[in-house]
Structure formats: structure tokens, C-alpha cells
Amino acid sequence: MNKLPDSLEAYPFKSEDKIRYGDCDAMGHVNNAVFSTFLETGRVEVLMDDRADVLSEDCGFVIVRLELDYMGEVRWPGKVQTGTGVLSVNSSSVAFGQMVFQDGKPVARAKSVIVQMNKTTRKSQRLSDFARERFKACQLEGVDA
1 MNKLPDSLEA YPFKSEDKIR YGDCDAMGHV NNAVFSTFLE TGRVEVLMDD RADVLSEDCG
61 FVIVRLELDY MGEVRWPGKV QTGTGVLSVN SSSVAFGQMV FQDGKPVARA KSVIVQMNKT
121 TRKSQRLSDF ARERFKACQL EGVDA
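Under the numbering used here, the residue at position 77 of the sequence shown is numbered 77, and the numbers go up by one with no gaps.
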């Protein structure tokens, strides 16, 4: 996985999740499966933000790939912040670079890919030129896909 910025401020989008007691496992830290929920929050923030403005009634986005590196444990109680930025834009897909932080320290990094899907045909659908440009405007600076 490419080197992603290890500072929350470097990401064009930032989100926050409150850690719930039920997120913890028998080891007393946040279970690994919960990290994908933190990352989902970050991706949805991008899709719902006015800077992207890419949602339409006839299509949606589905995740097709998630690469996740755990860098440290996350403990309850507390919060995590997720930084999200676009790595690349293809014909029907968008790749995101994301970093999860707790108390300012990076605890996980991820690359995820979403594909635009037509709600009627249930098949991938080419991104409009408008959507491609909007996603490109949300790219992480200085990071290669």
C-alpha cells in the first residue's frame, strides 16, 4: 500500500466516530471488524459532502475492495478520527486513501475502492464527467495511486 499522510490535517475529508463499549473484544481493545465501520463513515462523508455532490437517484456506490493495515490498538472509551481522500478515479470506480487516528496517533491505514452501480440494472455504471471532476477535486495531495 502506498505511503499515506500520517497527519489528519493532510486529508481533505475528516470524520469522527465515538467508540462504543460493544466495539471492544475480549482483549479490551476495539475489535478489528469495527475498523471497517470507521472507514465506511469516512467514505460516506465524501459521498454526502457538497464538494463531491456525486449522488444521483438512479445509482449508488458499493465497495469492491478494502486493504487495511492495523498500526496500533484502539481503546474504549474515546473517539477516532478518519481522514479520507481520493487516490484515483477510473471509468466507474474511485479509490480512496484513508487513515484512522486516536488521540492524534495513526492506528490504521486503508485503501478502498468503490464502484458506481445502476440501481435498476445492478451493474456498474460509468461515472459522469461531472462526477469524475468532482472526485478529482478531492484527491490527496502528493500521493500516487
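Keep in mind that the hints were calculated from the coordinates and are not lab data.
These numbers come from a predicted model, not from an experiment.
Built from N, CA and C at the ideal position, the CB exists for glycine as well.
Warning: the hint list may mix true and false statements.
As the list claims (entries may be wrong) - Mimicking DSSO-like on lysine-lysine, the simulated pairs with C-alpha atoms at most 30 Å apart in a straight line are:
no.	residue 1	residue 2
1	Lys-3	Lys-105
2	Lys-119	Lys-3
3	Lys-123	Lys-105
4	Lys-18	Lys-3
Said to hold, decoys possible - What follows is a list of derived Cβ distance ranges for each label pair:
no.	residue 1	residue 2	range
5	Ala-137	Gly-28	37 to 43 Å
6	Thr-120	Asp-6	19 to 25 Å
7	Leu-47	Asp-103	23 to 29 Å
8	Leu-47	Leu-68	35 to 41 Å
9	Gln-139	Gly-60	36 to 42 Å
10	Gly-78	Leu-55	41 to 47 Å
11	Ser-124	Ser-36	18 to 24 Å
12	Asn-32	Thr-121	31 to 37 Å
To see whether the hints hold, each was checked on the structure:
1. Simply put, Lys-3 and Lys-105 have alpha-carbon atoms about 16 Å apart, close enough for the 30 Å limit, and the pair holds.
2. Proximity of Lys-119 to Lys-3 is assessed by CA-CA distance (about 35 Å); at most 30 Å being required, the pair is judged violated.
3. Note on Lys-123 and Lys-105: the hinted pairing is violated, with a Cα-Cα distance of about 39 Å set against a maximum of 30 Å.
4. For the given pair, Lys-18 sits about 26 Å from Lys-3 by alpha-carbon distance, which is consistent with the 30 Å threshold.
5. Against the hinted window of 37 to 43 Å, the Cβ-Cβ separation of Ala-137 and Gly-28 comes to about 41 Å, which satisfies the hint.
6. Under the hint 19 to 25 Å, the C-beta atoms of Thr-120 and Asp-6, about 42 Å apart, miss the expected range.
7. Our hint of 23 to 29 Å for Leu-47 and Asp-103 holds, since their Cβ atoms are close to 27 Å apart.
8. Judged by the Cβ atoms, the range 35 to 41 Å given for Leu-47 and Leu-68 is violated: they are separated by roughly 19 Å.
9. A hinted range of 36 to 42 Å for the beta carbons of Gln-139 and Gly-60 is inconsistent with their spacing of about 22 Å.
10. Range check, Gly-78 to Leu-55: Cβ separation about 31 Å, and the 41 to 47 Å hint is violated.
11. Under the hint 18 to 24 Å, the C-beta atoms of Ser-124 and Ser-36, about 22 Å apart, fit the expected range.
12. Under the hint 31 to 37 Å, the C-beta atoms of Asn-32 and Thr-121, about 35 Å apart, fit the expected range.
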